[in-house]
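Sequences are here, hints too, so could you generate the full structure?
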Amino acid sequence: MTDDDIDCSDIPELSEEFLETAKWIAETPKKEQITIRIDKPVLDFYRKTGRGYQTRINAVLRTYAEITQREQASKRA
1 MTDDDIDCSD IPELSEEFLE TAKWIAETPK KEQITIRIDK PVLDFYRKTG
51 RGYQTRINAV LRTYAEITQR EQASKRA
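Residues 1 to 77 in this note's numbering are what the sequence shown lists, from first letter to last.
Treat the hints with care, as some may be off.
Once the Cα atoms are required to be at most 25 Å apart in a straight line, the calculated DMTMM-like pairs of lysine to aspartate or glutamate come out as [stated by the list, open to error]:
1. 75 <-> 44
2. 31 <-> 44
3. 31 <-> 66
4. 23 <-> 10
5. 30 <-> 66
6. 48 <-> 20
7. 48 <-> 32
8. 23 <-> 13
Pairwise CB distance ranges (calculated) [unchecked claim]:
9. 8 <-> 51: 34 to 42 Å
10. 33 <-> 73: 27 to 35 Å
11. 39 <-> 67: 17 to 25 Å
12. 71 <-> 8: 19 to 27 Å
13. 65 <-> 43: 34 to 42 Å
14. 49 <-> 2: 40 to 48 Å
15. 71 <-> 50: 27 to 35 Å
16. 38 <-> 15: 32 to 40 Å
17. 77 <-> 7: 26 to 34 Å
18. 55 <-> 20: 16 to 24 Å
19. 36 <-> 73: 25 to 33 Å
20. 46 <-> 21: 27 to 35 Å
21. 35 <-> 6: 22 to 30 Å
22. 21 <-> 45: 20 to 28 Å
Bear in mind the hints are in silico, worked out from the structure with no lab data behind them. A virtual CB, placed ideally from N, CA and C, is assigned to each residue, including glycine.
This is the structure we're talking about:
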């Protein structure tokens, strides 16, 4: 069977709203539970963002680590 043989007529087109709110789901590394001290204003900010605030904090830390690693690798090259 080829792609041309597949009937896609019953699949709705993706709306602009769907594309604006869709989230990329990627495999995440195994997480480890730790204790960390965070400034109260920073923690308050993230808590106010609602459910998933710890995941958002982790995403910020991961992004910082990835950028720092790339910068260090480019300095060595």
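Each hint, compared with the structure:
1. 75 <-> 44: 36 Å, violated
2. 31 <-> 44: 23 Å, holds
3. 31 <-> 66: 16 Å, holds
4. 23 <-> 10: 24 Å, holds
5. 30 <-> 66: 16 Å, holds
6. 48 <-> 20: At roughly 22 Å apart (the allowed maximum being 25 Å), residue 20 and residue 48 satisfy the hint.
7. 48 <-> 32: Given pair residue 48, residue 32 holds - Cα atoms ~24 Å apart, limit 25 Å.
8. 23 <-> 13: Status holds; Cα separation ~17 Å.
9. 8 <-> 51: 34 to 42 Å: 35 Å, holds
10. 33 <-> 73: 27 to 35 Å: Holds, since residue 33 and residue 73 (Cβ atoms, about 29 Å apart) stay within the stated range.
11. 39 <-> 67: 17 to 25 Å: 21 Å, holds
12. 71 <-> 8: 19 to 27 Å: At 44 Å between Cβs, range violated.
13. 65 <-> 43: 34 to 42 Å: Between residue 65 and residue 43, where Cβ atoms are some 20 Å apart, the hint is violated.
14. 49 <-> 2: 40 to 48 Å: 46 Å, holds
15. 71 <-> 50: 27 to 35 Å: 32 Å, holds
16. 38 <-> 15: 32 to 40 Å: 38 Å, holds
17. 77 <-> 7: 26 to 34 Å: Hint violated: Cβ distance 50 Å, outside 26 to 34 Å.
18. 55 <-> 20: 16 to 24 Å: 20 Å, holds
19. 36 <-> 73: 25 to 33 Å: 26 Å, holds
20. 46 <-> 21: 27 to 35 Å: 21 Å, violated
21. 35 <-> 6: 22 to 30 Å: 52 Å, violated
22. 21 <-> 45: 20 to 28 Å: Holds: the Cβ-Cβ distance is about 22 Å, inside 20 to 28 Å.
Hints 1, 12, 13, 17, 20 and 21, counting from the list given before, are not met by this structure.
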